[in-house]
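Participant: Residue numbers (the numbering used here), protein chains in the order written: chain H, 1 to 84; chain S, 1 to 398.
Simulated from the structure, these hints should not be mistaken for laboratory data. Possibly wrong hints are sitting among the right ones.
[Unchecked claim] A partial selection of chain H residues facing chain S, derived with a Cβ cut-off under 10 Å:
id	residue
1	11
2	13
3	16
4	18
5	19
6	21
7	25
8	26
9	51
10	52
11	58
12	64
13	70
14	74
15	77
[Unchecked claim] Capping the alpha-carbon separation at 25 Å, the derived lysine-lysine pairs in PhoX-like fashion look like this:
id	chain 1	residue 1	chain 2	residue 2
16	S	42	S	326
17	S	380	H	73
18	H	23	S	90
19	H	48	S	59
20	S	326	S	343
21	S	262	S	333
22	S	90	H	8
23	S	42	S	59
24	S	176	S	90
25	S	343	H	48
26	S	42	H	73
27	H	58	S	59
Cβ coordinates follow ideal geometry from the N, Cα and C atoms, glycine included.
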Amino acid sequence: MNNQNADKVLDARGLACPMPIVKARQEINQLQPGQVLKVLSTDRGSVKDFQGWAQTAKNLQLVSQETQNENGKEIYVHYVKRVS
Amino acid sequence: MPQAEWSSAELKQRLDNQEKLFMLDVRNRDEFDLWKIEGAQKIPTLNVPYFEMLEQGGKDDMIDSVVAYAEQALVQQLPKGQPIAVVCAKGGTSAFVAEGLRKLGYSAVNLAGGMTAWGDFYEFKPVLESSSLSIYQIGRPARGCLSYLILSQGEAIVIDPLRHTEKYLDFAREKKASIKLVLDTHGHADHISGGRALADKVNAPYYLHPYDGIHPLDVLPAQLSYEFLRDGQEFFIGQSKLRTIHIPGHTLGNLAFLLDEKILFTGDSVFIESIARPDLGGHGETWAPIHYRSLQKIVQLPENVLILPGHFSSPREANAQGLFAKTLGELKKKNEGLMMAQKSEREFVSYILSSLPIFPPQYVEIKRVNAGLVVPDEEKAAELELGKNICALSKAYV
Numbered sequence: 001m002n003n004q005n006a007d008k009v010l011d012a013r014g015l016a017c018p019m020p021i022v023k024a025r026q027e028i029n030q031l032q033p034g035q036v037l038k039v040l041s042t043d044r045g046s047v048k049d050f051q052g053w054a055q056t057a058k059n060l061q062l063v064s065q066e067t068q069n070e071n072g073k074e075i076y077v078h079y080v081k082r083v084s
Numbered sequence: 001m002p003q004a005e006w007s008s009a010e011l012k013q014r015l016d017n018q019e020k021l022f023m024l025d026v027r028n029r030d031e032f033d034l035w036k037i038e039g040a041q042k043i044p045t046l047n048v049p050y051f052e053m054l055e056q057g058g059k060d061d062m063i064d065s066v067v068a069y070a071e072q073a074l075v076q077q078l079p080k081g082q083p084i085a086v087v088c089a090k091g092g093t094s095a096f097v098a099e100g101l102r103k104l105g106y107s108a109v110n111l112a113g114g115m116t117a118w119g120d121f122y123e124f125k126p127v128l129e130s131s132s133l134s135i136y137q138i139g140r141p142a143r144g145c146l147s148y149l150i151l152s153q154g155e156a157i158v159i160d161p162l163r164h165t166e167k168y169l170d171f172a173r174e175k176k177a178s179i180k181l182v183l184d185t186h187g188h189a190d191h192i193s194g195g196r197a198l199a200d201k202v203n204a205p206y207y208l209h210p211y212d213g214i215h216p217l218d219v220l221p222a223q224l225s226y227e228f229l230r231d232g233q234e235f236f237i238g239q240s241k242l243r244t245i246h247i248p249g250h251t252l253g254n255l256a257f258l259l260d261e262k263i264l265f266t267g268d269s270v271f272i273e274s275i276a277r278p279d280l281g282g283h284g285e286t287w288a289p290i291h292y293r294s295l296q297k298i299v300q301l302p303e304n305v306l307i308l309p310g311h312f313s314s315p316r317e318a319n320a321q322g323l324f325a326k327t328l329g330e331l332k333k334k335n336e337g338l339m340m341a342q343k344s345e346r347e348f349v350s351y352i353l354s355s356l357p358i359f360p361p362q363y364v365e366i367k368r369v370n371a372g373l374v375v376p377d378e379e380k381a382a383e384l385e386l387g388k389n390i391c392a393l394s395k396a397y398v
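Required output: the full structure, derived from the provided sequences and hints.
Facilitator: Spelled out as structure tokens, the structure:
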């Protein structure tokens, strides 16, 4: 799913684990059910960790993930939807 | 004030001393299942992914969540009054977790640098040290990879150097030795060789058997330069002589190096508890019989020859000095693969082909890197090398 519409974008580039998820969690709690948060991360480990987090958390769903290349650097993009 | 973190070296020392400790691994379950820290003794270990602590602890702040989660869910499981080593991928998240647990009175210690640092940790252990000849076993405990430095009269030969060449340069400097020769026993599949890079840094020749200068699956020639090794070649260091023995099987250019007819660097052929697998070049069925014939060359050596292998699979294979070393005589009686090599070729081949562990897909790519066909950056190199080697047959470890 490319260019997924997002209601909010969290730029977590340059942040090390656990901060991408800590901040994403704070942001998602500010959203309304049905809204989507787009998270940009440079941490490769965030791909599996967002999957695990989405399984654990009851109020959200991982809609999609993609990897973008920005000037030779990989950016991991996660779309998280608040469901309740 | 209790210690807040341990380096990999401090953790390793505690594991070696068999100190009582508990391990809390906060990585996701897949990564934990792939590889974890092992000691010679079983370490009580709990895996709780950090995002579960965060979510179930339910606070905005990581440390607050850890405290809340541990109070709800970990009180029964975590020991008080003994060290709890907290581990994550890179050491950042585990620092938060350890701090949270210390607030609750646990002796929680962060493993600095996490599994990345643990995977890159090197140990140098003397096999023998004398004024005329010294041999050091240089290993990465987390990966089960072993390499060697032979030292005599200020000159050194390095066998199978691993990726972090600065470790060898530092060690040689400390020993006031200059590295004159770099040898690879074969084209490795499980780890990135430091051979070519180390040889470049010390301006020494780098040797490999030319059969392993061809990628076995791509059938492409190496894009890096090397000198050709052949069977029966001799190298001299101090008063000692190192002789090559061609033992194809694990690879077609597989070699062992015999030092003064007494010490055999077996590379990937004979390990302590097992033997090498013949299938990592993608031709297990045709290479297994060749492997058998090569092992006959080893079996026929004198029983008191000391075997120094290229890998181990478990820290419990180490002897009391922490070395992975045993005489051929002992191994012929106890190493299942070597016992099978003393039976018929047919029995051996059937045994070996029924004992093959999974084939890690990244091994094909690592062989490309070692042939210079692919040049990875540091992050990619580290990712390719993640986890423990799987170069041995699996039967001995079930």
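Participant: Next step is simple, just say for each hint if it's right about the structure.
Facilitator: So, going through the hints one by one against the coordinates:
no. : hint             : result
1   : 11               : 18 Å, violated
2   : 13               : 15 Å, violated
3   : 16               : 5 Å, holds
4   : 18               : 4 Å, holds
5   : 19               : 8 Å, holds
6   : 21               : 5 Å, holds
7   : 25               : 6 Å, holds
8   : 26               : 6 Å, holds
9   : 51               : 8 Å, holds
10  : 52               : 4 Å, holds
11  : 58               : 8 Å, holds
12  : 64               : 18 Å, violated
13  : 70               : 15 Å, violated
14  : 74               : 9 Å, holds
15  : 77               : 18 Å, violated
16  : S:42 with S:326  : 23 Å, holds
17  : S:380 with H:73  : 12 Å, holds
18  : H:23 with S:90   : 19 Å, holds
19  : H:48 with S:59   : 22 Å, holds
20  : S:326 with S:343 : 21 Å, holds
21  : S:262 with S:333 : 19 Å, holds
22  : S:90 with H:8    : 29 Å, violated
23  : S:42 with S:59   : 34 Å, violated
24  : S:176 with S:90  : 34 Å, violated
25  : S:343 with H:48  : 47 Å, violated
26  : S:42 with H:73   : 40 Å, violated
27  : H:58 with S:59   : 15 Å, holds
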